[in-house]
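Given the structure of chain A, go ahead and fit chain B onto it with the hints provided.
The residues making up each chain are set out below.
Protein chains: 2
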Amino acid sequence: MAYKKMLVAYDFSDSGEKALQKANELAGHDKAKLHILHVVEYLPPVDTSFGAVSPFEVDLTDQLVESAKSRLASVAEKLGIPKEQRWVELGSPKLEIVRVAEEVGVDLIVVGTHGRHGFGLLLGSTASSVVNHALCDVLSVRGKDE
Amino acid sequence: MAYKKMLVAYDFSDSGEKALQKANELAGHDKAKLHILHVVEYLPPVDTSFGAVSPFEVDLTDQLVESAKSRLASVAEKLGIPKEQRWVELGSPKLEIVRVAEEVGVDLIVVGTHGRHGFGLLLGSTASSVVNHALCDVLSVRGKDE
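Each protein sequence line maps, in turn, to chains A and B. In terms of this note's numbering, the first sequence is residues 1 to 146. In terms of this note's numbering, the second sequence is residues 1 to 146.
Please note that the accuracy of each hint is not assured.
Given that identical chains are not distinguished, each listed pair holds provided it fits within a single copy or across any two copies.
To be verified - Here are the computed lysine-lysine pairs in the DSS-like style, where the Cα-Cα straight-line distance is at most 30 Å:
hint: 1; residue 1: K5; residue 2: K18
hint: 2; residue 1: K18; residue 2: K31
hint: 3; residue 1: K22; residue 2: K4
hint: 4; residue 1: K5; residue 2: K33
hint: 5; residue 1: K83; residue 2: K31
hint: 6; residue 1: K4; residue 2: K18
hint: 7; residue 1: K31; residue 2: K5
Hint data in this document are derived by calculation from the structure and do not stem from the laboratory. Predicted, not measured: the structure shown is a model, and the values here were computed from it.
This is chain A alone, in the form it adopts within the complex (with noise of 0.2 Å):
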């Protein structure tokens, strides 16, 4: 295959673990650069014209940003994969993936895949819209179908 480098979308399930597991098997077979990414998907409470939507006037984004960093970490070093190597992103996992992937210049993106039941189908899973979208090749890590 020879990918050089590569990234995968790591969302902290059984399908990110699989797809996980994977991307560390063929980057160390390859010896490829692997970065891992994370991302945030939370919108904070929006101001309205009637006042804050929350009761409390708490913008939680950047205690979620915080620790999703720290589980990160924990998985990036099990794996040996380097500090400048790890990315959190806030936003849509969807537009986050291929955004990092383009700014890294990976050739291959490893991302896990749910089940082909319920909502996530009907709505297109993130694994569709990056293949739809990157300009990379694309590896879908099938889960378990839930």
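Just chain B, lined up with the frame of chain A:
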């Protein structure tokens, strides 16, 4: 990676060619069985209550399938893919790729993707539909952007 049985969807296009090369390398490396599939996307002229839509009462389906079989055979021959691992099916690529993958019981589908512009993106690509519906991993190999 250690995939044991792979299916590559080959549409005789440039991006199909890239997918075929990747699949062949990967199969050689993993010592996996590589199946190759071409889907003939052809709707034969249908008789309506006003008579045949086609000016000639000719059904080209058989010729198209035969021609695809011989083109596929010459490609498969070069790669050493034996006859029982060659598939030519008539219908929708999205559906046939997933169906044949399940019938053969492959653990990886390799499929080419075209550029991210134009109608293809609007309608959703074959690759992204395969990602949504396949029961196994899918490697989408990016072709040149048109």
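Quick rundown of the hints versus the structure:
1. In this assembly of identical chains, K5 and K18 lie within 30 Å of each other by CA distance both inside one copy and across copies; the values are 19 Å within and 19 Å between.
2. Both within a single protomer and between protomers do K18 and K31 lie at most 30 Å apart by alpha-carbon distance, with minima of 19 Å and 22 Å respectively.
3. In this assembly of identical chains, K22 and K4 lie within 30 Å of each other by CA distance both inside one copy and across copies; the values are 15 Å within and 14 Å between.
4. In this assembly of identical chains, the alpha carbons of K5 and K33 lie at most 30 Å apart whether taken from the same copy (5 Å) or from different copies (27 Å).
5. Taking the shortest alpha-carbon separations for K83 and K31, only the intra-copy value of 18 Å comes in at or below 30 Å, while the best inter-copy value is 35 Å.
6. Proximity of K4 and K18 under a CA criterion of 30 Å is satisfied in both settings, with 21 Å inside one chain copy and 17 Å between copies.
7. Taking identical chains as interchangeable, the C-alpha atoms of K31 and K5 lie at most 30 Å apart whether they share a chain (9 Å) or sit on different chains (24 Å).
Of the numbered hints listed earlier, not one is contradicted by the structure.
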